[in-house]
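Undergrad: Residue numbers (the working numbering), protein chains in the order written: chain Y, 1 to 192; chain P, 1 to 599; chain U, 1 to 238; chain E, 1 to 266.
Keep in mind that the hints were calculated from the coordinates and are not lab data. Some hints could be false.
Computed beta-carbon distance windows for the label pairs [stated by the list, open to error]:
#1 Y:V108 x P:P158: 45 to 55 Å
#2 Y:F120 x P:F511: 52 to 62 Å
#3 P:P557 x E:R70: 31 to 41 Å
#4 Y:A40 x U:T39: 25 to 35 Å
#5 E:R185 x Y:G135: 51 to 61 Å
#6 P:R224 x Y:D113: 56 to 66 Å
#7 P:L78 x E:R185: 30 to 40 Å
#8 Y:F120 x P:L149: 31 to 41 Å
#9 P:A329 x E:G111: 31 to 41 Å
#10 E:P117 x P:A49: 30 to 40 Å
#11 Y:A40 x U:K137: 30 to 40 Å
#12 Y:R77 x P:R28: 28 to 38 Å
#13 U:Y238 x Y:A40: 29 to 39 Å
#14 P:K29 x Y:R77: 53 to 63 Å
What the simulated footprint calls covered on chain P by chain Y, stretch by stretch (three residues with Cβ under 8 Å from a Cβ of chain Y suffice, anywhere in the stretch; the number is not a length) [as the list claims (entries may be wrong)]:
#15 31-38
#16 102-112
#17 250-256
#18 450-459
Each residue gets a CB set at the ideal place from its N, CA and C atoms; glycine is no exception.
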Amino acid sequence: MAILKLAQPPSPARTGVWIGIAAVTMSFAAYTSALVVRQAAAPDWQHFRLPPILYLNTLVLLASSGTLVRARQSILRDPAGRIASTPQAVTWLAATLGLGILFIAGQVIAWRDLASQGLFLSTNPSSSFFYVFTGLHAIHLLGGVLAAGYLLGRLRRSPGWTNSGALEATSLYWHFMDLLWLYLLILLSLVF
Amino acid sequence: MPDMSAAPAVPSGESARRAAHAPRGFLRKQVFSLDHKVIGKQYLDLALAAVVTGMVLSWLMRFHLGFPDTAIPGLEKLAPNAAAGGIMTPELYLSLMTMHGTLMVFFVLTTAPFAGFGNFVLPLQIGAEDMAFPRFNMMSFWVTFVAFLVLIAAFFVPQGPPLSGWTAYAPLSAIGKDAGPGQGTGQTLWVISIALFCVGQLLGSLNFIATTLDLRTRGMTFSRLPFSTWAWFITAVMALIAFSVLLPACVLLLLDRVAGTSFFIPAGLVASDRLQPHAGGSPLLWQHLFWFFGHPEVYIAILPGFGIISQILPVFARKPLLGPRVFVACLIAIAFLSYTVWGHHMFLSGMNPVSATLFSVPTLIITIPATIVTLLWIGTVYGARLRFTTAALFCLGFISVFVTGGISGFFLAQPSIDTYLHGTYFVVGHFHFVMGVAAMFGIFAGAYFWFPKMYGRMLDERLGKLHFVLTLIGVYCIFMPMHWLGLAGNVRRYSAFTDEYMQGSLPLHRFITIAALFTGAAQLIFFFNLIWSRWRGSPAPANPWQATTLEWSVSSPPPPDNFGRAGAPPVSHGPDEYGVAGPGGDYVMQAAPPQPATA
Amino acid sequence: MARKFVFSLPILVLAGAATIGLAHPAKHAGTISGHVTFTGTPPKMKPIDMAKEPSCAKQHSTPLLNESVVTGPNNALGNVVIYVSAGDQGGAAATQPVRYDQKGCEYIPHVAVMDVGQPLEIYNNDQTSHNIHPLAKVNPEWNKSQPPGAPPIKTAYAKPEFIAVKCNVHPWMHGYFAVLKTPHHAVSGQDGSYTLEGLPPGKYTLTAWHERFGTQTQDVTVGEKAATADFVMKATPY
Amino acid sequence: MGKLFAAIVVVVTLVSTAVFLSHAWWMPADISVLGVGIDRQMTETMISSGVLFVISQLVLAAFVWRYSERGDGRPIRIFPGGAAPMVVGATLLVGAEIAVLSLVGSKVWGGIFLSRPDPHALQVDVQAEQFAFYFRYPGRDGRFGTAHPELVDDASENFFGLDPANDTTARDDIVSASLVIPVNRPVLLSLHAKDVGHSFYVPALRIQQDFVPGLVIPIHFTATKITKQEIVCTQLCGLGHYNMRAFMEVMPEKQFEQWLEEQAPQ
């Protein structure tokens, strides 16, 4: 929260996202500890090769963070910290949105890949955790996609000055989803 | 400290102002309202519905324990399957017990003191126009409401509600119908309900934290924050962490039940002659996840009580709280320690005996801040000028029952004694005193104190005092004997006591039953008071108690936008400046101009 | 007409006819009778240790023997359900209830045979609470406690099935519901004998079912005089 | 009103304390070697926390009685020394109590759960299931047959899923519904659950231990008196939980050997 204290005018939206990030982090920590305990509980852990498309998806997600950064750079700001949209910003944001959806589509392909190998949710603790982790991340990212869509709509409709809360919040959350995915990828590639 | 006066400039804030200024029609005003005051009341009404249900369930259980062979009039109509001839079946008893625990812990002790009073009072106390995210706030309530409906729905499925207790230990809760009636659909509904509840409370705590951090009015520094707001803030942080762990636990349990995974179910289980198609899961994993939430949950239920008491006691003692900084420090210490003690619920669970001793140390240490807080309250009473309003009486009662319940914790915190008392009524007595009765006393104190602010009418004080006296005597008659039962080895969660060595305790059970019905009847006084005073009570002035915090500087009930377009006045005084020469008498409002020097 | 006759037979029922088969005689019809025996060595039935439930244990002067295999002299095999599995012209399902008792923590009878849709009444005669848990697969499964003094549980089954019945509170308590499409059925006594009555002349397929030793079938022709059909089950020691 | 409150608190405190002291409801007589330590621990805790209980309730009552608002404009008084004495007092007093209790207590606890079982202890395999306990003795060969969950068949009383057909060590295993043990001889139980969680509780032994499905949990003790006790389940396990029990018979060594002989399958 120290970061917040530095930020002058307090933006509840940004604070809220930080708190949300804390909650999501906590719950994924819980899932991780569950994984560790479960893996140690019985010798039935089955190792399998992660669907290669995951690495492509990772690049897609990283790219989406990049485009989001560009979107923020190309937005106009006034001293009061308010923002106004620009055509480039809209384009970059649209790109971010598209890449986000592409990522989720890629995850679906990864699941079908596993299913075709006969690895389903209940097949083995390892596959169970794989679906749980990737599925929950996809759901959380979907939230980010919705937020980005809402933001895009606002920027396109109102070219005037608006406050930056929604933009800051969305990009904060989006980058966090990015980091969370990197963490999950490392975790999965370590235990699978 | 940066200037925190900035009114919310985010869309949610604007929508809040819109909603607050121009509530369109009954639906937006009363049902799907974005106004924290309405949402707070909705939470309290939900808690009321839950507490009435939970209490009736406990009457049925107590009646069955006290008079096992007597048919309960009307029960056969309610449960023709499970109570043929009005005689309760064991599974009905256990499902009543499960629903009682779940309703009380989640839908009463979490919603009422935290989500209910917190929602109504916190923004007023910090001088905010509304919560930071009114839409999330509304969602928080409605998700919780749906969770409540899903839980109640378990009463109406063929095999009835689950019977695995509010802790839903796996694999009893995980393997489905083979574990017994109610473990099929009923248990599934339970898991879904609790998962939804987690979502609702996460949205709620997110709001509490953001609001307290960002929406405090000018001059409302943390050192001037009212103690109740402190407690709600700390509770929100705890809830955020606790429910983000319970939610995953519920998701995994649900998958074990419906998707055939094996997170909590080990291999080779044979239930009802059927080899269960699972392998490798760990029942202890559920216990760890659940109690990592479960123990903090105890403090989520009681900390708001701490805050409410520390807020109300000075008002009626007409003197400041003793050691305010120490008090807040203790709250934080308790909140922190509560995450290091969950293992004390698992001393006998077969986890490493060494870790049992490790868990028992923080469990005992957490009694130090708790003791300090209690002493602070008693020290606040010293040299006071006590005004015995009903709210004040419930504060004093809170201190008494909290001491009683806290001290029996000394026994259970020690593995070597827990090994004798673990599964007995001693535990039931302990947690009912410390988190049930104490938290309820906090709720009652808050209700008698803030009702005027909520509905613009006073609760009847004569009825209130009668209610208090009967309740205080009643709870001691119910829960103190449970410690004696426990010492005699009387096992809890039994629907009947067939074992010879327990026969000696049957008269005591009968006494408890009578006391419980008596105390339950006493609560009808409270319910009548609530309903009658809501419309017929004497009109309440803005500040009937001569209190200092901001909520008392606005009309009762407050206008939709709380402090009007101008926003809340700047704050230049502490939350409990009583016993000093002030304009209105022996107190200085927080919002009063800074001149008068505190005595 | 069979039904009218049934109504004139409550005495027989009250007398506690061990099998429903007796309750279906029809005039001018043939009977099938026979013996069920076993070959091989059946398992030694262990005495049941009821120490957990003294109120039941004290009702058995000598410990109750496990009833999953009941044998008699000269390899007679009891508790075998014999019923018409084919060739039955059908007949009205019996309407008088089948009585199933829990007494001394024992199911009486061990195998209760009933027609599809025939009322079933389950009584608890003990001082302890039982839970009746018929492990049905075709029919809906239920599991319900019956405290001492509670009224009988009244139910019926809609589909034919052999349903294992257990009491979780007393793990040794096991029995069977045999729900059959035909009114022509019998259960062999400890002497292995059984009788099917009221069968119009014709060709029938009989099936014999035992909870441990499986099923056997044979064809029988009923003429004017009584037909006989013996069954020999293959017993295994474990 | 304040005086009434004070009176109620005082009465409640004194009556409760009296009942605790009277031992009208108390632990049954201890029959185990380790129970002594637990009882001492219980007594010490009872005294120390009892004193805290009585003092704090009476002080609260006294203050409430004394400091109700009167007509006089008597000024309020702050507790001498402010919060400091509270903090110091609580920390020292409770801290000391905690230190003592956990030091002594962890010794007692260790004595039960961290001590090694006697190598010559009588070994009994305990299975908890809905809703009964079954106890298995290794029989003449002194070895337990292997349990196969898929072979479990209550109907033919194969509660442990033994395979006497192929597993010779299983043929002489003795399965009993009661726990029969010799007096003054260490006993080592290994607890495992067949379906859901259960617990093993014999108040007179001062021992309570959960059965956790998937785990085999050892617990050992020595009974010192010839007696018959009830074993009850204290972990919610389903509809028959209240009726899940067995009997523990402690008998002289000779009688026990004789009992084993009688039980041995022919």
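Undergrad: Quick check: which numbered hints come out false for this structure?
TA: 1, 4, 7, 10, 14, 15, 16 and 18
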